[in-house]
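A.B. asks: Sequence:
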Amino acid sequence: MAYGDKGKLFVINIDGSNLRAIPTEGTSDAPKWSPDGKVLVFEEQIPGKSKMQKDSGHMVLLDLESGRRSVVPAAPGVGWGFWVDRNTLVAGNEDSLLLVDIRTGYGTKLFSGLFVDWNVSLDGQYMYYTTGGPEPKAMRIRLKDRKVEEVANLKDLRRASDPYTYIAVTPDGSPVFTRDIGTQEVYALTMKWP
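Quick note: the sequence shown uses the numbering used here, first residue 271, plus one each step.
What the hints contain is simulated information worked out from the structure, not anything from laboratory work.
Heads up, some of the hints might be wrong.
Think about it this way: if two alpha-carbon atoms lie no more than 25 Å apart in a straight line, the pair counts; the simulated DSS-like pairs of lysine-lysine are [as the list claims (entries may be wrong)]:
#: 1; residue 1: LYS278; residue 2: LYS302
#: 2; residue 1: LYS308; residue 2: LYS462
#: 3; residue 1: LYS407; residue 2: LYS425
#: 4; residue 1: LYS302; residue 2: LYS462
#: 5; residue 1: LYS276; residue 2: LYS302
#: 6; residue 1: LYS407; residue 2: LYS462
#: 7; residue 1: LYS407; residue 2: LYS379
#: 8; residue 1: LYS417; residue 2: LYS407
#: 9; residue 1: LYS417; residue 2: LYS462
#: 10; residue 1: LYS302; residue 2: LYS425
#: 11; residue 1: LYS302; residue 2: LYS414
#: 12; residue 1: LYS308; residue 2: LYS278
#: 13; residue 1: LYS425; residue 2: LYS462
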């Protein structure tokens, strides 16, 4: 398991053992595992830049077996990378999303415009995103041919936004959103791992 906390990155075994801190320049998002579970991608602060500056971060690939770190060259100033497959990421900034081939370092623009958050379907076939403004919508792009579809109108959904909104995608392709219900509740979840 990997997670970010207060600008630091940590890796830990699923049973809670072997917690390791990963040296970074300050990470601002949760790391994502590659489909084969060997490489992490995360956004890192560019040394000498303020978080308030545009393009203040870049995406980093970290191979945990070799310890090799590399900045994703096709995505300067772009973060929040999501794996499509072992060699491809979707990454974005405030106004565009890129499909990035990490072997070649080449990025292709998927979408430009006002959007809030995004995620990739578990099968790697679609990239889901939400738009902002007075008529927010959930949309998806089929990655093989760039076909865009509206999934749902979100105008009447009061989305949680502290510290940010979030969209996830279930195995059957249904979008999942964080929702503000106006109260705070505490839940316990017990997991039994195989």
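A.B. asks: Take the hints in turn and mark each one as holding or not.
C.D. replies: Here is how each hint holds up against the structure:
{"no.": "1", "hint": "LYS278 to LYS302", "verdict": "14 Å, holds"}
{"no.": "2", "hint": "LYS308 to LYS462", "verdict": "24 Å, holds"}
{"no.": "3", "hint": "LYS407 to LYS425", "verdict": "7 Å, holds"}
{"no.": "4", "hint": "LYS302 to LYS462", "verdict": "23 Å, holds"}
{"no.": "5", "hint": "LYS276 to LYS302", "verdict": "17 Å, holds"}
{"no.": "6", "hint": "LYS407 to LYS462", "verdict": "36 Å, violated"}
{"no.": "7", "hint": "LYS407 to LYS379", "verdict": "20 Å, holds"}
{"no.": "8", "hint": "LYS417 to LYS407", "verdict": "16 Å, holds"}
{"no.": "9", "hint": "LYS417 to LYS462", "verdict": "39 Å, violated"}
{"no.": "10", "hint": "LYS302 to LYS425", "verdict": "30 Å, violated"}
{"no.": "11", "hint": "LYS302 to LYS414", "verdict": "22 Å, holds"}
{"no.": "12", "hint": "LYS308 to LYS278", "verdict": "19 Å, holds"}
{"no.": "13", "hint": "LYS425 to LYS462", "verdict": "37 Å, violated"}
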